[in-house]
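Asker: Place chain E on chain U using the hints.
Chains as they are written, first to last, in this note's numbering: chain U, 7 to 359; chain E, 28 to 276.
Think of the hints as simulated: they come from the structure by calculation, not from any bench.
One thing to keep in mind: the hints can contain errors.
Said to hold, decoys possible - Far from chain U, some chain E residues (derived; all Cβ distances over 10 Å):
#: 1; residue: LYS110
#: 2; residue: PRO172
#: 3; residue: ALA195
Stated by the list, open to error - Listed next, with one range per pair, are the computed distances between beta-carbon atoms:
#: 4; chain 1: E; residue 1: LEU72; chain 2: U; residue 2: LEU212; range: 47 to 57 Å
#: 5; chain 1: E; residue 1: GLU67; chain 2: U; residue 2: ASP201; range: 24 to 34 Å
#: 6; chain 1: U; residue 1: ILE237; chain 2: E; residue 2: GLU67; range: 29 to 39 Å
#: 7; chain 1: E; residue 1: GLY76; chain 2: U; residue 2: GLU96; range: 48 to 58 Å
#: 8; chain 1: U; residue 1: SER217; chain 2: E; residue 2: LEU72; range: 35 to 45 Å
#: 9; chain 1: U; residue 1: ASP205; chain 2: E; residue 2: ARG101; range: 22 to 32 Å
#: 10; chain 1: U; residue 1: ASP201; chain 2: E; residue 2: ARG101; range: 18 to 28 Å
#: 11; chain 1: U; residue 1: SER219; chain 2: E; residue 2: GLY218; range: 21 to 31 Å
#: 12; chain 1: E; residue 1: GLY218; chain 2: U; residue 2: THR238; range: 20 to 30 Å
#: 13; chain 1: U; residue 1: PRO255; chain 2: E; residue 2: ASP133; range: 34 to 44 Å
Said to hold, decoys possible - 20 Å max Cα-Cα, derived SDA-like pairs, lysine to any residue:
#: 14; chain 1: E; residue 1: LYS99; chain 2: U; residue 2: GLU314
#: 15; chain 1: E; residue 1: LYS99; chain 2: U; residue 2: LYS89
#: 16; chain 1: U; residue 1: LYS89; chain 2: U; residue 2: LYS150
#: 17; chain 1: U; residue 1: LYS150; chain 2: E; residue 2: GLY76
#: 18; chain 1: U; residue 1: LYS323; chain 2: U; residue 2: ARG12
#: 19; chain 1: U; residue 1: LYS25; chain 2: E; residue 2: ALA195
#: 20; chain 1: U; residue 1: LYS150; chain 2: E; residue 2: LYS99
Remember, it's a predicted structure, so these values are computed and weren't measured experimentally.
Cβ coordinates follow ideal geometry from the N, Cα and C atoms, glycine included.
Each chain, written out:
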Amino acid sequence: MSAKVRILNPGIMTTVQDKGRFGYQSQGITAAGAMDLQALRIANKLVGNEAYQGAFEFSYFAPEFVVDDGPVRLALVGDMKAKITPASGEESYEVEGRQSFTMQVGDSFKPGPINSRVYGYLAVQGGIEVPEFLGSQSTYARSKLGGFEGRALAQDDVVSVASIANTESQDLAVPSLPEWNQSDPIRIVLGPQDDYFSDDQQALFLSQTYSVSRQVDRMGMRLEGEALKHITGADIASDGIAIGSVQVPANGLPIILLADHQTAGGYSKIATVITSDLPRLAHMKAGNSFSFRSISVDDAEEILMVEEKALMSLFDKIAPMKPDATQIAAKLYKSNLVSGVLDANNPVPEVEA
Amino acid sequence: MSQEQPSSIIFLPCGDTALSVEFGREVDPLINAQVMAFDEEIQKLRVSGELSAIVETIPSFRAILISYDPFKIRQSEVIEILKSIPVRKAEARKPTRVWELPTCYDLEFGLDLEEVGQRCNKSVAEVTDLHSKADFQVYMLGFMPGLGYLGGLPDALELPRRSEPRVAVPLGSVAIAGKMSVIYPWESPGGWHVLGRTPVPLFDQNAERPVLLSAGDGVAFKSIDRKEYDDLAARISGGSFSSEELLKS
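In isolation and in its complexed conformation, chain U is listed as follows (with noise of 0.2 Å):
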C-alpha cells in the first residue's frame, strides 16, 4: 500500500540515502550512501525496516511535511524534536529524535533544528518509493542518480512512502542516540600514501589540532591547520579510493572524503578514518577541532566487533513509547471519557497505549 508525504519546507539538503552503491565505482559511479550509517540503522530499527532501507537524510533542518495518503509510521532519529499537528483537531504533540511515531492523513510534520549535530534522518516503515538504480536508493545529486529525481528534496515534492495497515502497534523509542566524547581524536590507519611524508610530516599530522573548514560537504571536508609538506611532490597517478582517506593536496592542507567521493582520485592519501569514527566525524561541523590518533589495522578491526556489540545492546533496549502526558489527556478529553477529571495542561500518570 502506498502512502504520499507533501514536501512543505524540503529542510537543508534532504535526499534518499541507503547504506550506498557498491559495485559500480570501478565504472567511475560513486557509492554515496548515508553519512551516519549508524544512525539509519538505529532509524530502520525503530520501525521494523532492514538496516539500510533507504530513509530521508537531512542536515541542519529536517524536511516539514504533510501526509497526503496514509497512515505512515516514521522514525526520527537525530538531535532535535520535532511536532506533529494531528488533522483531527486533537492538540499538537512533541516527538523527539529517538522515536518512531505515526501519522494519520493530513498530519504535518514540523520540525525543529538539529542542536548539536548535522545530519539526521527520517525512516519509513516499510521504505521510501522511490526506483532503485544499480541496486540502491541511494541519491548522488552530483550526477543527478538515484533517490528522489536524483536530488534533493524542493518544496511542493510529494513522495510515495509505504503505508501501514493499522496504527494499532506500538511505536518504539530508543533509550539514547550513541555519544562521543568530543575530545577523543578521530582514529585513523596510516597509508595507501603515507610514504609520501618524512616521519617528521608524519609525527605533524598526527601532532597538531586541525580545524573543520568552511568547505565540508557530503563529498568531503577541508581542514584547516599547518601545511604539510611532501618529500617529492603530492600528486600520484590517481587511484582508487576509500571511504575517510584523507587526501593531501599540494597545499598541505587535508581534504578527508566522505559518502560522495569520487571513486579514484591523484592527491596522495596519508590515512584512512577508521570506520567507527566516520559517523562522529560526519556531524562536525565547520569550527569544530581535532587531532587524529594513528592505530593499526587489527586494532581498528577490533574496535569496530566492539561498537557493533554496543549498537545491538542499544537495540535491546528499544522499548514501546510512554505516550506523551498531554497527548492522552488530549485523547481522554476528545472521547469525553474523564471530562473534567485531568487537566490537559497537568501531568498525568504514564499510560501504556
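Answerer: Frame of chain U; chain E shown alone:
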C-alpha cells in the same frame, strides 16, 4: 620502482574496510596490463567463494583498491589469499573487446583542434588522422560516472592540460592531455584539449548497463562527417541503436 618487473606487489592498508594492491607508481601500459590480469583473478576468487567477502574492486592505472566486508573477513586474511594469486609478467595484453566510436572531428566540435595542431606542428587533418588511427586501451574509469582514461595516444600529440580549464566541456567531447584521451560522458568542467565529439552515450542511466566502457577494453575512434554524426545521433535518440553495433569483431 622498476616498471619492467614489479613481480613483487605491495599491499597498502586503506583503513579497516579496504586495501590497495600496488603494482608500481607510474602510468604504464604494461603495469596496467598486470593490474587487469590480477583483477580478473580476484573476480574468479569472488565467484568461487574464496573471496566472497570482497564488496568490490577499483582497478586503476597501477593499483587495485579492494573493499571488503570487515564483519566477514579481516584485512590480514584478504592479503593472505591475494598472495596466492600469481603476478603475471608485465606484457602487453590483448583487450577482451574493442569499441569503435564514431567521432566527428569538425571544427565546430573540435574546439581545440587548431590550437593542438599549432602546438604539435601538425595540420588539423594530421591531428585527427593520428587520433583516429591510434589503438587505445581503457586504463581505468573515474572522475565521473563512465569516464574512461584511454592510454595509447601517439607521442606526437602529447601536450599538458590547458592552462585555463573550460567551465563546461560539452557532453560527448573527445579530448586529449598528457599521454591519454578521454570522452566526456557528461557536460563538465575540464582542462583537456577537445578534438571532436561522439554521439554515442558513454553513460545512459536507462540502459541495462549504464556505463559503456570497462577498464581493459580497447577503443578506436572512427572519423565521421557531420551528416553521419547527425544521423547516428537521431538513431540513438530514436532508440533504434544498440551499443553492440560498436563492437569490433
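Asker: Are the hints correct? Go through all of them and say.
Answerer: Hints versus structure:
Every CB of chain U lies more than 10 Å from the CB of LYS110 (chain E), the least distance being 16 Å, so the non-interface label holds. With 10 Å as the threshold on Cβ separation, the claim that PRO172 (chain E) sits away from chain U is violated: the shortest Cβ distance comes to roughly 4 Å. The beta carbon of ALA195 (chain E) is kept farther than 10 Å from every beta carbon of chain U, the shortest such distance being approximately 15 Å. Under the hint 47 to 57 Å, the C-beta atoms of LEU72 (chain E) and LEU212 (chain U), about 36 Å apart, miss the expected range.
Distance hint check: the CB atoms of GLU67 (chain E) and ASP201 (chain U) are about 28 Å apart, consistent with the given range 24 to 34 Å. Taken as a hint, the range 29 to 39 Å holds for the pair ILE237 (chain U) and GLU67 (chain E), whose Cβ atoms sit roughly 34 Å apart. For GLY76 (chain E) and GLU96 (chain U), the Cβ-Cβ distance of about 56 Å falls inside the hinted range of 48 to 58 Å, so the restraint holds. At about 44 Å, the CB distance of SER217 (chain U) to LEU72 (chain E) agrees with the hint of 35 to 45 Å.
In this structure the hint that ASP205 (chain U) and ARG101 (chain E) lie 22 to 32 Å apart at CB holds, the actual value being about 28 Å. Take ASP201 (chain U) and ARG101 (chain E): their Cβ atoms lie about 23 Å apart, and the range 18 to 28 Å holds. For the hinted restraint 21 to 31 Å between SER219 (chain U) and GLY218 (chain E), the CB-CB distance of approximately 25 Å keeps it satisfied. For GLY218 (chain E) and THR238 (chain U), the hinted distance range of 20 to 30 Å is satisfied, since their beta carbons lie about 23 Å from each other.
Between PRO255 (chain U) and ASP133 (chain E) the beta carbon distance is about 37 Å. The supplied range of 34 to 44 Å therefore holds. Distance hint between LYS99 (chain E) and GLU314 (chain U) is fulfilled; the C-alpha atoms sit about 13 Å from each other, no more than 20 Å. In summary, the hint linking LYS99 (chain E) to LYS89 (chain U) is not supported, as the alpha carbons are separated by about 42 Å, beyond the 20 Å threshold. With a C-alpha separation of about 32 Å, the suggested pair LYS89 (chain U) and LYS150 (chain U) falls outside the 20 Å cut-off, and the hint is violated.
Proposed proximity of LYS150 (chain U) and GLY76 (chain E) is contradicted: the alpha carbons are some 35 Å apart, above 20 Å. This hinted pair does not check out: LYS323 (chain U) and ARG12 (chain U) have alpha carbons roughly 33 Å apart, beyond 20 Å. Proposed proximity of LYS25 (chain U) and ALA195 (chain E) is contradicted: the alpha carbons are some 32 Å apart, above 20 Å. The suggested pairing of LYS150 (chain U) with LYS99 (chain E) is violated, with an alpha-carbon distance near 33 Å, which exceeds 20 Å.
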